[in-house]
Amino acid sequence: MEELTALLVLILVVVASLATAAAWRRRHRSRCFLLDYVCYKPPDDQKMSTETMSAVADRSKRLSDPVRRFLLRVLLRSGLGERTYAPRTFLDGREESPTQQDAHDEMDAFFHGAVAELFERTGLRGRDVDVLVVNVGAFYPAPSLASRLVRAYGMRDDVAAYNLAGMGCSAVLVAVDVARNALLVRGPATALVVSAECIAPHWYAGEDRSLLLGQCLFRCGGAAALLTSDPALRARAKMELRCLVRSNIAADDDAHACAMLREDADGRVGAGLTKALPKAAARAFAVNLRALAPRVLPVAELARFAAAIAWQKLLRRRREDAAATINFKAGADHFCFHTGGAAVIKAVKRSLVLDDGDVEPSRMTLHRWGNTSSSSVFYVLSYMEAKGRLNKGDRVLMLTFGSGFKCNSCVWEVTGDMADKGVWVDCIDGYPPESLANPYMDKYASPIHVHGDKASDIQPAGTDTKPSGEKLHFAAEPAATATWATAGGQVHGCPATGGGPPHVNYLGTDERQPTLTLNFSRGSGQVIAQLVRHGFEGYRNIMQACRDNAMVLEDGLRKTSRFDIVSKQDHGCVPLAAFDVSDMLCRRFGWVVPAYVMSPDARRSTSRSSASSSGLTSPAPWPSASFSTSTRWCADARPSSKLATLPAVPTVRMGLPTTSRRCCRVQTQAWNRFVLADKNNGVCY
Amino acid sequence: MSLPTFSKHLKSIYQLAMNTKSFLAVPALILAIIILLNGTPLVFTMPYDLFNNLCPVQLFNFVLLPTIVAILYIMRRGRAVYLIDYACFQTSPNSRVPISAFIEHVHHFPFLDDRSIRFMTRMLERSSIGDETNLPPSIHYIPPLNNGFDEARAEAELVIFSAIDDVFAKTGIAPATVEILVINCSAFAPVPSLTDMVVNKYKLRSDIRCVNLSGMGCSVGPISVGLAATLLQATPHGSHALVVSTETIASNFYKGKERSMQLTNILFRMGGAAVLLSTSGARARFRLKHVVRKITGAFDDSYGCVFQEEDAMGNRGIKLSKDLLTVSGDALRANITTIAPLVLPLSEQLQFASSFIARKLLDGRVKLYIPNFRKAFEHFCIHAGGRAVIDKVQYNLGLSDEHVEPSRMTLHRFGNTSSSSVWYELAYIEAKGRMRKGDRVWMIAFGSGFKCNSAVWECVRPASEPDKAWAGCIHRYPVKISEVIENIGHSGKIQLPSVDEP
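Residue numbers (this note's numbering), protein chains in the order written: chain B, 1 to 685; chain G, 686 to 1187.
The set of hints was computed from the structure by calculation and includes no laboratory data.
All residues carry an ideal CB built from backbone N, CA and C; glycine is no exception.
Any given hint could be a false lead.
[Stated by the list, open to error] The calculated label-pair distances, taken between Cβ atoms and stated as ranges, are:
| # | chain 1 | residue 1 | chain 2 | residue 2 | range |
| --- | --- | --- | --- | --- | --- |
| 1 | B | R127 | G | R1044 | 21 to 27 Å |
| 2 | B | K61 | G | G999 | 15 to 21 Å |
| 3 | B | G430 | G | A765 | 54 to 60 Å |
[What the hints assert, rightly or not] Only pairs whose alpha carbons sit at most 25 Å apart, straight line, appear in this in silico SDA-like list of lysine to any residue:
| # | chain 1 | residue 1 | chain 2 | residue 2 |
| --- | --- | --- | --- | --- |
| 4 | G | K1007 | B | A152 |
| 5 | G | K888 | B | A282 |
| 6 | G | K886 | B | A276 |
| 7 | G | K888 | B | A276 |
| 8 | B | K61 | G | N1000 |
[To be verified] If we take Cβ atoms under 8 Å as the criterion, some of the chain B residues that face chain G in the derived model are:
| # | residue |
| --- | --- |
| 9 | V13 |
| 10 | T99 |
| 11 | L124 |
| 12 | G137 |
| 13 | S147 |
| 14 | D157 |
| 15 | A165 |
| 16 | G168 |
| 17 | V178 |
| 18 | V185 |
| 19 | I249 |
| 20 | M260 |
Next up, chain B with everything else stripped away, as it sits in the complex:
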């Protein structure tokens, strides 16, 4: 019987080893390696500096002055550098009439630049590719770009080619996911993943500001990567895909609509971004992290987090502000974020509790290449590789956001040597630069916008590039200025910034946007009221603050070189900046029209004739200094015949364009709330 037992044992051993081998093979087959990747560097003559962009915007006949300035303002604060690349059509002046061939040319240049180099570097040929996934968001010709690649590189006729489109900035990981699954069912195979964005056919030539935002951010770029599950190529692979998590919160209406290609009123198509975007991104991010965290974080960190949550639940009443944070650095060593914009990077940094060093690669990528849509994460990866930061065993977290709203993430583990300079070869030494601020800030940014005609004249919010020079100082006085304006009482001829969200009026603002109001006179009634209320000391403080503010403003105004300060004594007395309106109608009546944001239907706004303001107590006279740029909203100013007959205080009824009606309504409500909340015995603070 011993032999029998021995035989049975032998059989069981054979069975067990066979099963193990099968399981091992299965496991190995499902592993997916990144063999190599190449980012595309467009030719140098496609560089798009701020000046070029300004020239392109100036050239457009459809763009009105405020829209043009808006475009530039967004650009200045977007975090993009001077060396990003635009398609040739933009530079050749054909941005409004691109042809199919232009788009094909852009894509061909990318294919020849990146895909060819990738094949060269890995020593593979087109015939070795088993799976091809092409992801180009906004260009889908027939035959597809995948077919174009098949033709260009002579791929086999049984290549599994997929052409993804319309899936937004987060689609690169969708493409990787599709490729990984196709590899899984095919056994040892190689997949080519190509991800880019075609910009040429998508210049938006209208005036809808929410559609213009994309214009300022998106730039040429693309990446090609070879994934493989072939054990023979494993030794040469750079990284291994550890896990990939996709989330899509399109079920939520706001999130779905927050980044959307749509038509404006004139039927021009552009990529519209709404205010709900940051919120949607945060939600998608949270959904994604919930699935990702258990897969990538070590047990210790998860336990710590769970404990922190429990602790917080127990002590909820006492410690509401201290939210439990999960430390993602325990699960990943490096972070590649989609370079959607400075604000996106900042938001992600805040949510993951990272430091500046962790988001530096993403920021630098945004600065050097702009938002290259889906391919941006590979530029970030390349930056880290070029900096020599990727060592064997390191884990890299890739995180992408895009329309839909989708948030996809994956974790790579470095398995090979990563020391290629890649696309950063000629500029890696210059990064990170000393300042990311736009060098043209002084030239194009004018903090004082006399053209604050529309309340919707928005500045991009949340950009954290610091404007350099005096303007920063100048723009950083919002609170004090507001006080001054309130204290000063009557407002005469105040060139104020229109640079604020719709709820900003000349009296107040939120903490981000300055409203600068120049005040040249005060009514005697208010002087008495202030004196009575605050006493001599309080009154003097107010006046002192006013004067200090005035000095700051005077400096700033002088430096814009758009105003003449008519009170000639330097810092001797309250400065006076005055302007004359070129519009005939206004000039005829000798009016100075206030340039602050008007309240709805302008019921509360009055403009006074400078000649008739007899109560003017300004030490300086009121000469008219010419102001070069025309003020557009003044053209809309019509004297109300009824009120114009009133002596001394003629009222201008502002006929605001109907398009800004809604903004105005919001503004009225805010204004009403503001007044009602702060009104105290007839005195506004």
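Use these hints to put chain G onto chain B, whose structure you have.
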């Protein structure tokens, strides 16, 4: 017995011998008996006396080893993918375009001259498209609306949502259980994508894996199914995948005088289909057996034979080249060479192999044997690209008129609905009550690229009632399709190229 009759009998005996399952089983059985009687150890070398004493162990071996092999085979093989149900977009009468109305409209288009109108009229007369096809509302305007983005989105929503509503209603499956979503729409890819649009409308789950395929032409139907099947391999058992195939016409109406581009206006019509797949066989209607895809884009004439570009006046359109039939023939051949070994019975395979070898040896003097695909499939869904394409495939595969009837009738009733046409054809077969359990269906689609893709289904359970799209009109079909529909519009004198669209 004359020689032909004899050879015919011989052939049928040969086929019987080859195609019955006993062909392999009989020798295997004989071999097994010999081994058992002889006692020759196959796997393990051991002393003969020991072997004699341990007969139960030996039997155990012979039972155990095949089991292990079978388990390994099943583990290696992917999971089976089933079709739960499908639904085609039911067109509504208010967007119907009778041929006469189409020609009437064409007369009023400001961008067309008389020559173009004559050309379009004659092409329509010969297209074998019926009077009940549909075009989206934006094209009913005179002139058609200007390639509006919003119109295209509205059309896509109409088609996709209607089809998905139907498929959910048919199957009773909750939308929240859908884990994979694949949509293909060649000519329109908005941002957010059509997949996101569907996720938004049906409030699908947040971990859904959706893929939006665009620009891949008319042949993408089987590719989408194949992609969904691939993605299903990595999901838990019983997951559902939703596949939608459609095409928007509104964004692609050509407004120029280039003839090779006007053809698309004539042929393409509104349509779409939604298909629900699963890895669970419960309630399944079909089983997916094979997806074979071929792309011959590596050759320039293949790549360029369906090509989107601008004409001299800057109007964008899809240009169909005259090589189209040749190119589609080549692509079909490439597809057949791959799928034939997978599906054909052994007799056909041997015949094909011998003719192939003979052809190689004799430098192409022997004609390559065209396998008889009627032995492998009961039903054929050939992409209703146009009359000429159907004719060509029918000729190449040696099919009867009844085999291509679904394609012709679909072309007549719905026009060329691009990637969804194969589903309309399947629905036709089922509506006619021709589908039986165990029947095999071959879907063949052609499209730009140039691609020829095919999918093979095996019927598990035929439909109990006709699909909505055909329900109202199936009693009128099949109709007789004349070569030329007479007396519609002007008779032109231009000699026309017999070009058709895949």
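| request: Can you let me know if the beta-carbon spacing of R127(B) and R1044(G) is within 21 to 27 Å? | output: holds (25 Å)
| query | CA of K888(G) to CA of A282(B), is that 25 Å or under? | reply | holds (19 Å)
| request: Would you settle whether the hint for V185(B) is holds or violated, based on the nearest Cβ-Cβ distance to chain G being less than 8 Å? | output: Where the cut-off is 8 Å and the nearest Cβ of chain G is about 5 Å from V185(B), the hint holds.
| Any CB of chain G closer than 8 Å to the CB of I249(B)? | Check passed: Cβ of I249(B) comes within 5 Å of chain G, closer than 8 Å.
| Does the interface hint hold: is G137(B) within less than 8 Å of chain G, judged Cβ to Cβ? | Status holds, d = 7 Å.
| CA of K888(G) to CA of A276(B), is that 25 Å or under? | Distance ~19 Å between K888(G) and A276(B) Cα, so the pair holds.
| said: Given G168(B) as an interface hint, is its Cβ closer than 8 Å to any Cβ of chain G? | reply: Interface hint status for G168(B): holds (6 Å vs cutoff 8 Å).
| Was the hint right that D157(B) lines chain G, CB cutoff 8 Å? | holds (5 Å)
| request: Return the status of the interface hint for V178(B): holds when the least beta-carbon distance to chain G is below 8 Å, violated otherwise. | output: Since the shortest Cβ distance to chain G is 6 Å, the answer is holds.
| said: If I claimed the Cβ atoms of K61(B) and G999(G) lie 15 to 21 Å apart, would that claim hold in this structure? | reply: The hinted range 15 to 21 Å holds for K61(B) and G999(G), with Cβ atoms some 19 Å apart.
| K61(B) paired with N1000(G) [C-alpha distance capped at 25 Å] | With Cα atoms ~23 Å apart, K61(B) and N1000(G) stay inside 25 Å; holds.
| request: Given the hint that K1007(G) pairs with A152(B), test it: the Cα-Cα distance must not exceed 25 Å. | output: It holds: about 22 Å lies between the C-alpha atoms, which stays within 25 Å.
Of the numbered hints listed earlier, those contradicted by the structure are 9, 11.
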